[in-house]
Amino acid sequence: MTIVDVRTPDPKKFIKGATGDWEIVIGMEVHAQVSSEAKLFSGASTEFGKDPNDNVSLVDAAMPGMLPVINEECVRQAIRTGLGLKADINLKSVFDRKNYFYPDLPQGYQISQFKQPIVGEGKILLDMSDEQVEIGVERLHLEQDAGKSLHDQHPTMSFVDLNRSGVALMEIVSKPDIRSSDEAKAYLGKLRTILRYLGTCDGNMDQGSMRADVNVSVRRPGGEFGTRCEIKNVNSIRFVGQAIEYEARRQVAILEDGGEIDQETRLFDAVKGETRSMRSKEEAHDYRYFPDPDLLPLEFTQTYVDELAQDLPELPDDKKNRFINDYGLTAYDADILVVERASADFFEEVAKGRDAKLAANWVINELFGRLNKEGKDLSESPVSAAQLGAIVDLIKEGVISGKIAKDLFEIVWTEGGDPAKIVEDRGMKQVTDLGAIEAIVDEIIAANPEKVEQAKAKPGLLGWFVGQVMKQSQGKANPQAVSDMLKQKIGLE
Amino acid sequence: MSVDTNTVKRVAKLARIRVSDDDATRMTGELNAILGFVEQLDEVNIEGVEPLTSVVEQTMKKRADGITDGSKASDIIRNAPASEDNFFMVPKVVE
Chain A
0 MTIVDVRTPD PKKFIKGATG DWEIVIGMEV HAQVSSEAKL FSGASTEFGK DPNDNVSLVD
60 AAMPGMLPVI NEECVRQAIR TGLGLKADIN LKSVFDRKNY FYPDLPQGYQ ISQFKQPIVG
120 EGKILLDMSD EQVEIGVERL HLEQDAGKSL HDQHPTMSFV DLNRSGVALM EIVSKPDIRS
180 SDEAKAYLGK LRTILRYLGT CDGNMDQGSM RADVNVSVRR PGGEFGTRCE IKNVNSIRFV
240 GQAIEYEARR QVAILEDGGE IDQETRLFDA VKGETRSMRS KEEAHDYRYF PDPDLLPLEF
300 TQTYVDELAQ DLPELPDDKK NRFINDYGLT AYDADILVVE RASADFFEEV AKGRDAKLAA
360 NWVINELFGR LNKEGKDLSE SPVSAAQLGA IVDLIKEGVI SGKIAKDLFE IVWTEGGDPA
420 KIVEDRGMKQ VTDLGAIEAI VDEIIAANPE KVEQAKAKPG LLGWFVGQVM KQSQGKANPQ
480 AVSDMLKQKI GLE
Chain B
0 MSVDTNTVKR VAKLARIRVS DDDATRMTGE LNAILGFVEQ LDEVNIEGVE PLTSVVEQTM
60 KKRADGITDG SKASDIIRNA PASEDNFFMV PKVVE
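Sequence lines, in order, name chains A and B. Residue 0 is where the first sequence starts when you use numbering that gives the first Met the number 0, and the numbers rise one by one after that. Residue 0 is where the second sequence starts when you use numbering that gives the first Met the number 0, and the numbers rise one by one after that.
Please keep in mind that the hints were generated in silico from the structure rather than gathered at the bench. You can take every hint at face value.
Straight-line distance between alpha carbons at most 20 Å, and here's what the computed PhoX-like set of lysine-lysine pairs gives:
id: 1; chain 1: B; residue 1: Lys61; chain 2: A; residue 2: Lys91
id: 2; chain 1: A; residue 1: Lys420; chain 2: A; residue 2: Lys405
id: 3; chain 1: A; residue 1: Lys49; chain 2: B; residue 2: Lys71
id: 4; chain 1: A; residue 1: Lys405; chain 2: A; residue 2: Lys395
id: 5; chain 1: A; residue 1: Lys97; chain 2: B; residue 2: Lys12
id: 6; chain 1: B; residue 1: Lys71; chain 2: A; residue 2: Lys147
id: 7; chain 1: B; residue 1: Lys60; chain 2: A; residue 2: Lys91
id: 8; chain 1: A; residue 1: Lys420; chain 2: A; residue 2: Lys475
id: 9; chain 1: A; residue 1: Lys147; chain 2: B; residue 2: Lys91
id: 10; chain 1: A; residue 1: Lys420; chain 2: A; residue 2: Lys402
Construct all of the structure, not just a fragment, from the sequences and the given hints.
Here it is, written out as structure tokens:
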């Protein structure tokens with residue numbers, strides 16, 4: 000495979016070494032568990048957290064004579080994912096055996112796809128703070144997951160649970176187009192967002208349904224690619240960033256000392272924040288792939304692919320553009336809203352028939368801010384889209400001020416209820432009666448003659464007066480009306 | 000194509016089969032005889048011929064996504080030389 004370098008070296012991303020600058024080159028292999036009821040080649044359940052060996056059929060345990068039969072839903076999900084990655088779909092693909100020995104692999108081989116994967120080249124767009132970056136996807140193939148070994152249950156024995164054995168995985172391989180840990184984290188985040196939008200993988204890294212192998216090498220900016228090390232099974236986006244930062248610096252230190260990088264597999268130790276060499280598995284990389292004689296080639300029609308393409312949901316990039324164009328949101332706000340489909344849907348419900356920018360502001364700053372603070376998910380929000388929409392209406396209609404709206408939000412958050420009724424019942428309405436405001440304004444002016452004189456020279460002091468009036472009115476006066484009236488009375492126009 | 004004794008030993012090791020030096024030497028001869036026999040097939044012109052994946056023209060059967068199996072942990076581990084709480088127990092393997 001010839002590697003084409005599609006990126007221009009960017010000094011902002013370089014590592015400063017003792018002998019000059021270094022550029023990091025990263026490629027990722029992400030294993031994403033396909034969302035399906037049953038496994039790739041058997042009828043056993045994929046449910047997480049069941050008792051040991053409960054989700055195991057005789058096929059998964061590799062009993063003699065058992066034959067694999069493919070789950071059509073896994074094929075459908077792989078094609079849909081390929082379409083979501085704007086990738087080429089191969090109407091014919093082939094399953095191969097990848098041979099190796101390990102106690103959690105009862106077959107002695109993993110059924111995977113080697114030369115002819117189901118999905119070919121695609122791409123993922125990353126919105127970095129100052130640029131948009133396109134990362135190439137090399138391929139996506141279907142394969143079986145292995146079982147799980149527990150090493151800490153017994154002094155001399157390992158325990159093996161085959162519940163995960165045979166669960167369908169999509170291995171999504173990027174091109175080596177990533178040039179910093181931030182881009183790597185953004186890539187993983189964006190991929191997870193796309194998978195979740197499509198519903199093809201739940202993206203839960205803490206349950207192992209999405210795991211990343213990270214290939215890291217360093218080179219002189221724009222120079223020849225260096226020797227890479229593969230960091231296996233990193234299970235959080237944050238750890239991916241830490242592992243890359245550590246590994247790149249480790250390699251730079253070796254090269255600057257005149258050493259060479261050994262191509263090897265490494266593990267990330269999250270506790271120590273470092274990578275270390277896995278016990279070297281000599282000859283382990285000779286997998287002796289060959290087509291699985293138990294399985295015919297996987298074939299489907301272009302019509303089938305076209306039908307799946309038609310039923311694809313709106314994807315994050317399209318949704319973001321629509322939010323910017325149709326609702327007039329900033330790219331920043333749109334980015335935050337489209338990360339999760341649920342957030343985007345919630346926003347659209349609040350924004351429907353309302354001032355979209357105001358709605359976005361309240362969804363992002365007040366609601367998401369509050370949810371974050373309490374460590375809650377949107378699905379656990381005590382404030383519904385309808386309630387938040389009602390608050391936005393009350394602000395827009397001038398019934399309450401922005402400040403009172405925050406108090407109102409607090410009440411709805413803790414007590415619930417209809418915002419309009421709460422405002423009515425508790426006398427939170429903004430005072431728009433100019434006579435009432437004028438009385439307070441006059442009172443404040445009369446009580447502070449020195450400040451009035453100072454304000455004439457320093458108009459900035461007007462804010463103090465507005466504050467006093469707002470305080471006196473218990474926040475219910477319209478700040479704009481108060482400010483206008485003060486300017487006029489003090490003579491600042 | 001032919002193999003030497005080292006290759007035979009390597010293949011045996013990858014397959015986790017213990018082979019003595021004497022056996023490896025003997026097998027090298029046997030394997031080369033087999034490979035030589037198979038090599039005759041190289042004489043056939045297969046230009047433009049798709050690899051045969053099935054003797055009968057057929058497409059791969061697919062299964063609907065439903066749970067039809069499992070919940071038989073005791074059956075699964077029945078042949079295991081050692082087990083505990085329905086886990087297989089194997090000599091410790093640690094990376």
